[in-house]
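Chemist: Assemble the dimeric complex from its two separately framed chains, guided by the hints.
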Amino acid sequence: MTEIGWEGLAVSALLVVVALGLSRWRHLGLERSIGWAALRAVVQLAAVGLVLAAVFDANASLAWAWLWVAAMVMVSAETVRRRAREVPGLFALALSAFGVAAVVVLGVLFGLGVFDLEARTLVPLAGLMIGNALAATVLVARRVYEELRDREDEVEARLALGLPSDEAAAPYLRHALRTALIPQIETTKAVGLVVLPGAMTGLILAGVEPLDAVQVQAAVMFVVLGSVTTTTTVVALGVRRRLFTEDHRLVRLTRPTSR
Amino acid sequence: MSLDGPDGSRLRDVTGEVPDYCLTVLVGPSGAGKSTLLRLGNRLDVPSSGTVRFRGDDVGALDPLALRRRVGMVFQRPSPFAGTVLDNLRVARPDLSEGAAIGLLERAGLDATFVRRAGDELSGGEAQRLCLARTLATEPEVLLMDEPTASLDHRSRTVLEVLARGLVDRGVPVVWVTHDFAQMRRIAQQVLVMDRGRIVHAAPIGELDRSAPPAVARFLDDLAANEGD
Numbered sequence: 000m001t002e003i004g005w006e007g008l009a010v011s012a013l014l015v016v017v018a019l020g021l022s023r024w025r026h027l028g029l030e031r032s033i034g035w036a037a038l039r040a041v042v043q044l045a046a047v048g049l050v051l052a053a054v055f056d057a058n059a060s061l062a063w064a065w066l067w068v069a070a071m072v073m074v075s076a077e078t079v080r081r082r083a084r085e086v087p088g089l090f091a092l093a094l095s096a097f098g099v100a101a102v103v104v105l106g107v108l109f110g111l112g113v114f115d116l117e118a119r120t121l122v123p124l125a126g127l128m129i130g131n132a133l134a135a136t137v138l139v140a141r142r143v144y145e146e147l148r149d150r151e152d153e154v155e156a157r158l159a160l161g162l163p164s165d166e167a168a169a170p171y172l173r174h175a176l177r178t179a180l181i182p183q184i185e186t187t188k189a190v191g192l193v194v195l196p197g198a199m200t201g202l203i204l205a206g207v208e209p210l211d212a213v214q215v216q217a218a219v220m221f222v223v224l225g226s227v228t229t230t231t232t233v234v235a236l237g238v239r240r241r242l243f244t245e246d247h248r249l250v251r252l253t254r255p256t257s258r
Numbered sequence: 000m001s002l003d004g005p006d007g008s009r010l011r012d013v014t015g016e017v018p019d020y021c022l023t024v025l026v027g028p029s030g031a032g033k034s035t036l037l038r039l040g041n042r043l044d045v046p047s048s049g050t051v052r053f054r055g056d057d058v059g060a061l062d063p064l065a066l067r068r069r070v071g072m073v074f075q076r077p078s079p080f081a082g083t084v085l086d087n088l089r090v091a092r093p094d095l096s097e098g099a100a101i102g103l104l105e106r107a108g109l110d111a112t113f114v115r116r117a118g119d120e121l122s123g124g125e126a127q128r129l130c131l132a133r134t135l136a137t138e139p140e141v142l143l144m145d146e147p148t149a150s151l152d153h154r155s156r157t158v159l160e161v162l163a164r165g166l167v168d169r170g171v172p173v174v175w176v177t178h179d180f181a182q183m184r185r186i187a188q189q190v191l192v193m194d195r196g197r198i199v200h201a202a203p204i205g206e207l208d209r210s211a212p213p214a215v216a217r218f219l220d221d222l223a224a225n226e227g228d
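Which chain is which? The protein sequence lines are L and V, in order. So the first sequence is residues 0 to 258, counted in numbering that gives the first Met the number 0. So the second sequence is residues 0 to 228, counted in numbering that gives the first Met the number 0.
Extracted from the complex, chain V is given alone in its bound form (with noise of 0.2 Å):
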């Protein structure tokens, strides 16, 4: 598929599949399209031409707002609502107890005493957790993950990678979105390389550096160089 945007073209006929039993790392540099793919996922943006398809089906085709809770998605920056941590979980389920809330807190890295206290006061690492708490409580069928460490301190990026982990060991399919080539290394079984609007290679992670043609190893040398960080 692909997808205009006002200042050009955003992804370019981009055919691929994302495995939905494993982390997948979708990697490349900025600009590259990784963003957009992902947003195409939760329907927060549709393709000018071509087809999403979740689990074989048109999303196209399927109710967005269903959709959207079956396919959760956390963003790069984080978005504490107004309120208390409850207040922001039961935005995504109004009928959530504190009792579940807690569960959902510690599923994210959050223990109990965090359930009142007021979501604007977190430190960005804890914000970013009741980020991912909040996408949980929709009960998602995979978890879709836009940079969500691009603006965390190490502590924080590496107490989300664990979690990340931890929920695809337990059935939640997890695509990451990074260009932080070190943190792919670290987490990735998958992985899909973006450059320009386009998947350029997908393998698994151990057969990544095997099985790309020279072109990809090119640009996967230079994304590894170009670590400043």
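Bound conformation, chain L alone (with noise of 0.2 Å):
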């Protein structure tokens, strides 16, 4: 296994102090917040670090990672909520997605056991799911609504010609969900061949053989494939309930005030 220490933390600082060097010569006015991210990140990971190792104690009951986990769902499901503030009762469609996530994706995982389930494979599959799942949650939210709300005449006229709700909707959800998933696939597609994803180059740095990592890395990939799908054909469905009455009318949708 490959440790760097503490020492080694430090000297890896160095870069960190290279792009204040860039910020400063090139009047980005970025030195403080470049500075604030790099404390922040290594002060919550250690946070992070000594609450896993607590919770990886082999010790520890296996209801504190699901209970890590339940953490995490709610903090994703409430970042979604705020960067979608548009988009009504978002934080409950955001977190019955991850919830349904979360039970397509750890039940293949651990009911067809393709890893054994305890603390150290539950918390990190739960967080890659969660984490890379948010963004397109995100994107596809916005995207239905924008969609219903920029398209209202077309989708009042397919009403008008006597279609129920999640007809006329259809095709602009169709339109959304497809944005929110073509770069995940194209992600997918590229792996191994742009870019050394983070799973694997964890695992390699960390000593563990090439082949290894790459059965882990596939796997991961799989998980996020599913999570994104999984995740953005909940919210796109819930966000369309939630902008259409029951009787088949569109509700009035606001537009941001110009800027």
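Keep in mind the hints are simulated off the structure, nothing from the lab. Certain hints may be false.
To be verified - Short derived list, chain L residues pointing at chain V, Cβ under 7 Å:
1. Glu2
2. Gly4
3. Asp152
4. Glu153
5. Ala156
6. Leu160
7. Gly161
8. Pro163
9. Asp246
10. His247
11. Arg248
Unchecked claim - Chain L is nowhere near these chain V residues, computed Cβ spacing over 10 Å in every case:
12. Ser29
13. Asp44
14. Val45
15. Arg115
16. Asp194
17. Phe218
18. Asn225
For each residue, glycine too, the CB sits at the ideal point set by N, CA and C.
Modeler: Structure representation (structure tokens):
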């Protein structure tokens, strides 16, 4: 196993100094931000490391790991809500989306015995699943909302022809989902060719054989793909439900105030 | 009935009747509530209080999807969907044959060559006629048209007016919203005058001037005088 130790970490911080120097040289005015970001990263990671050490302790109950997962889901749902404030009721939607993704993804991984269910596997896999789905979830919520708002004329024309709300919204929902999913699919295609993904890089640095790392990495990519498609679909369908009334009328959507 | 909007009341205690055998023009200045009243007929809006009736039935008690096919609606801005003209018509009626599609296009004043054209390559007037054909595909009993010529040039406007009159002659009553006083004179058989969320007068076009109470007559004069274009 490779360990860099605190000295190694301190030396690697030279790269932060490089970033600070460049910001200063080009008058980017980002020195404070960079310094604060680097400091926060270390403090946050250290705190997480301490808690993880306690959760991963062989004597600790697995309930702590599940609690950790639940907390990640809550924090992520709140993050999604904050990043797409215009979408009504998004916290509950994101919560259920991550919940459904957890059941599907963790169900396959642990239910079918891909990984042994222990804190050391549960926490990072759930983290990967949620963390990677977050951006796509925000994107799809905003896209569905904006599509239905900007295409209000078309949507109402479809409703006026007697189409039920799910059919009237279908083309716009499809477009929003494709927009949110295509980057993820592209990333999956390019993996290994363009970038060595994080999990694999970490494993190799930690001394794992590349072929073993590859197996884990491929499984990780599938986790991400599965969770991104699940969460975005749940959120897209949920947002659509909220934007129509029971009697198939489009809720009037507010446009952002012009800047 | 009344309808309260987010920015205040949009319809206030409206009571009125639209005859179902002729071309009725709903006229009034912008913001009078004409479009809102029309949307209630197609159930894209529902009243905050009161009842909308279609041929005696409370619209709120009918299946909204079935009602919308019986009460067709053409909007102010034409909104062709992605795909060909035929695709557009099949949104309204998925089992529509190409022959039947051409029949619908002809009723809306477009010839057979349009059937394969892309919906988003049509001119404004053609697109609006496509929207009319699309609405006719559901075989509506009544047609509601919300300022259908507001965004069109003079020629397309005339075509659409003639089409609407033709539909009425063939048994599909039309309710046509406009703030264009001259247009009202050209096409109306029956007139409902609206102002500030109320129907202020209703009369056959021939009796409009004679029957209007003085306040409404003044109002109609103002409307005619304000016709800048």
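Chemist: Hint by hint, say whether it matches the structure.
Modeler: Status of the hints after comparison with the structure:
1. Glu2: Violated, because the Cβ-Cβ distance from L/Glu2 to chain V comes to roughly 57 Å (cut-off 7 Å).
2. Gly4: violated (59 Å)
3. Asp152: holds (4 Å)
4. Glu153: Check passed: Cβ of L/Glu153 comes within 5 Å of chain V, closer than 7 Å.
5. Ala156: holds (5 Å)
6. Leu160: Constraint on L/Leu160 satisfied, holds at 5 Å.
7. Gly161: holds (4 Å)
8. Pro163: holds (6 Å)
9. Asp246: This hint holds: L/Asp246 lies near chain V, its Cβ roughly 5 Å from the closest one there, short of 7 Å.
10. His247: holds (5 Å)
11. Arg248: holds (6 Å)
12. Ser29: Holds: least Cβ distance 18 Å, greater than 10 Å.
13. Asp44: Per Cβ check, V/Asp44 is inside 10 Å of chain L; nearest 7 Å; violated.
14. Val45: Given that some Cβ of chain L is not farther than 10 Å from that of V/Val45, nearest at about 7 Å, it is violated.
15. Arg115: holds (20 Å)
16. Asp194: holds (24 Å)
17. Phe218: The claim holds: V/Phe218 sits with its nearest Cβ about 29 Å from chain L, beyond 10 Å.
18. Asn225: Given a closest Cβ separation of 27 Å, the condition holds.
Hint check: violations occur at hints 1, 2, 13 and 14; the rest are consistent with the structure.
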